[in-house]
Amino acid sequence: MDDLFSLQGATVITILGMALVTWMCRMTGYALARRVAITGRAKAALEAMPPAILTAIIAPMAFSEGLPEAVAAAVTVLTALRLPTLVAVAAGVATVVLMRQIPF
Amino acid sequence: MMTETDMQDSQANSRAARTGFWSDAIRGLIDISPLMAGAAPFALLLGSLAVQKGLSPAEVTLMSFSVYAGSAQFIAIDIWQTPVPILAIVGTTLLVNLRHLLMGAALAPHLGGLSPFARFLTVSIHSDETWAMALRRAQAHGSAGVTPGYIFGVFVLFYLQWPFWTFVGAFSGGFIGDPAVYGVDFVFPAVFITLVIGFWRASRQTLVVLVSLGTALAAYHLIEGVWYIFLAGLAGTVTGGLLFKGEEPAHG
Chain A
1 MDDLFSLQGA TVITILGMAL VTWMCRMTGY ALARRVAITG RAKAALEAMP
51 PAILTAIIAP MAFSEGLPEA VAAAVTVLTA LRLPTLVAVA AGVATVVLMR
101 QIPF
Chain B
105 MMTETDMQDS QANSRAARTG FWSDAIRGLI DISPLMAGAA PFALLLGSLA
155 VQKGLSPAEV TLMSFSVYAG SAQFIAIDIW QTPVPILAIV GTTLLVNLRH
205 LLMGAALAPH LGGLSPFARF LTVSIHSDET WAMALRRAQA HGSAGVTPGY
255 IFGVFVLFYL QWPFWTFVGA FSGGFIGDPA VYGVDFVFPA VFITLVIGFW
305 RASRQTLVVL VSLGTALAAY HLIEGVWYIF LAGLAGTVTG GLLFKGEEPA
355 HG
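As given, the protein sequences belong to chains A and B, one line each in that order.
Here my numbering is used: position 70 in the first sequence is 70, and no number is missing along the way.
Every number in my numbering is 104 more than the matching position in the second sequence, counting from 1.
Be careful, since some hints might not be right.
[What the hints assert, rightly or not] Chain A is faced by these chain B residues, among others (derived, beta-carbon under 7 Å):
no.: 1; residue: G124
no.: 2; residue: I179
no.: 3; residue: S219
no.: 4; residue: V295
no.: 5; residue: I297
no.: 6; residue: W304
no.: 7; residue: A306
no.: 8; residue: T310
no.: 9; residue: G337
no.: 10; residue: F348
[Stated by the list, open to error] The calculated label-pair distances, taken between Cβ atoms and stated as ranges, are:
no.: 11; chain 1: B; residue 1: T310; chain 2: A; residue 2: S6; range: 37 to 43 Å
no.: 12; chain 1: B; residue 1: T186; chain 2: A; residue 2: P84; range: 45 to 51 Å
no.: 13; chain 1: A; residue 1: A31; chain 2: B; residue 2: I327; range: 42 to 48 Å
no.: 14; chain 1: B; residue 1: I183; chain 2: A; residue 2: V36; range: 17 to 23 Å
no.: 15; chain 1: B; residue 1: G277; chain 2: A; residue 2: G9; range: 23 to 29 Å
no.: 16; chain 1: B; residue 1: D182; chain 2: A; residue 2: Q8; range: 30 to 36 Å
no.: 17; chain 1: A; residue 1: M24; chain 2: B; residue 2: S276; range: 31 to 37 Å
[Said to hold, decoys possible] Output of the computed footprint for chain B on chain A, the stretches with three or more beta carbons under 8 Å from beta carbons of chain B:
no.: 18; stretch: 8-15
no.: 19; stretch: 19-28
no.: 20; stretch: 48-56
no.: 21; stretch: 69-78
no.: 22; stretch: 93-101
For the record, the hints were derived by calculation from the structure and aren't laboratory data.
Where is the CB? At the ideal position from N, CA and C, for every residue including glycine.
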């Protein structure tokens, strides 16, 4: 492959633009949150962020992809309520693999 | 001047600190390892798709090093063409990564145990997975549990493996299989579901989770563009704020 290390101007500019906006997102929220005293209502909102964002990221992956994923997501939720994390993950993955074998 | 005993003490202390660092690092590495195994096939796939779109292995590896954001990179490669639609790709990347505004803010209270430089690096390279592990650690052990060693264990290899496997995928061209075959693609949602359950168990913020879930599904189907993550994350966060009654946050 002779173009292994080729770098094209427009491509590199696009990549650096993507990197810059992504890094600005990562730093800006952090920098703002460090500048204000977080108490009361703002603290409650901040504490709600982890479950809110994690749910937002996976919602379509779990519930809009199809039946195998939705059933596997439900299995993962139910297993995770009672059993250790790794068991729940294994149960979810096993469910999705099995369900995908079934032709609908 | 230090006496011999003082010197022995300080050596013992620094040895203890080093031991603590590496045991925390191993703990962090163990915590992140299922997600590392889940992410590697996607980096291989990303590299493979990128060379099929005409990027060189060097270019897509540079992208994984510098952008380091899986979902945005897959979307960028998907809409990549010649000539490169620079604004469309950079704009979409911004939209997909708006959630990091919220995620960075959530990290802010928990990085007090790190040096300023380590804080800067941690915030600069947090991903969905490493961010979630850091916050789970903060919830289980308090902010003091987010030690330099733990962050090192969770963040460093997880970061480095992304461009590494991207390059391997790009170099080996079209020989990369589909992660869906062994259900590897479901490791990420499954781990995140268990993390949501963990956060819910501690705080009982049922309404926050339900509002976020409903908003994400509605926005995913109704709004063009990748708005659903940011909107649903924001909706859940605002719900958490609205539920606040007096000194103790109310549980939904």
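- Query: Taking 8 Å as the C-beta cutoff, is the stated coverage of the stretch 19-28 of chain A by chain B satisfied by three or more residues?
  - Reply: holds (count 8)
- Outcome for the supplied range 17 to 23 Å, where the beta carbon pair is I183/B and V36/A: Violated, at about 37 Å.
- Using the beta carbons of T310/B and S6/A, state whether their distance is inside 37 to 43 Å or not. With Cβ atoms ~53 Å apart, the hint is violated.
- For the stretch 69-78 of chain A, do three or more residues have a beta carbon lying closer than 8 Å to a beta carbon of chain B? holds (count 5)
- Message: Using C-beta distances, would you say chain B covers the stretch 8-15 of chain A, given that this needs three or more residues below 8 Å?
- Response: Result for this restraint: holds, n = 7.
- Closest C-beta approach of A306/B to chain A relative to 7 Å, hint status: Interface hint status for A306/B: violated (9 Å vs cutoff 7 Å).
- Given a hinted range of 23 to 29 Å, is it respected by the beta-carbon distance of G277/B and G9/A? holds (24 Å)
- Task: Have a go at the F348/B hint: is there a Cβ in chain A nearer than 7 Å to its own Cβ?
- Result: For F348/B, the interface hint holds, since the closest Cβ of chain A sits about 4 Å away, which is under 7 Å.
- Message: Restraint: W304/B near chain A, CB-CB cut 7 Å. Satisfied or not?
- Response: holds (6 Å)
- Item | Closest C-beta approach of I179/B to chain A relative to 7 Å, hint status | Violated, because the Cβ-Cβ distance from I179/B to chain A comes to roughly 10 Å (cut-off 7 Å).
- Just tell me: holds or violated, for the beta carbon distance of M24/A and S276/B against 31 to 37 Å? holds (33 Å)
- Message: Hint validation: G337/B versus chain A, beta carbon distance must be below 7 Å. Holds or violated?
- Response: holds (4 Å)
The structure fails hints 1, 2, 3, 7, 8, 11, 13, 14, 16 (numbered hints given earlier, in ascending order).
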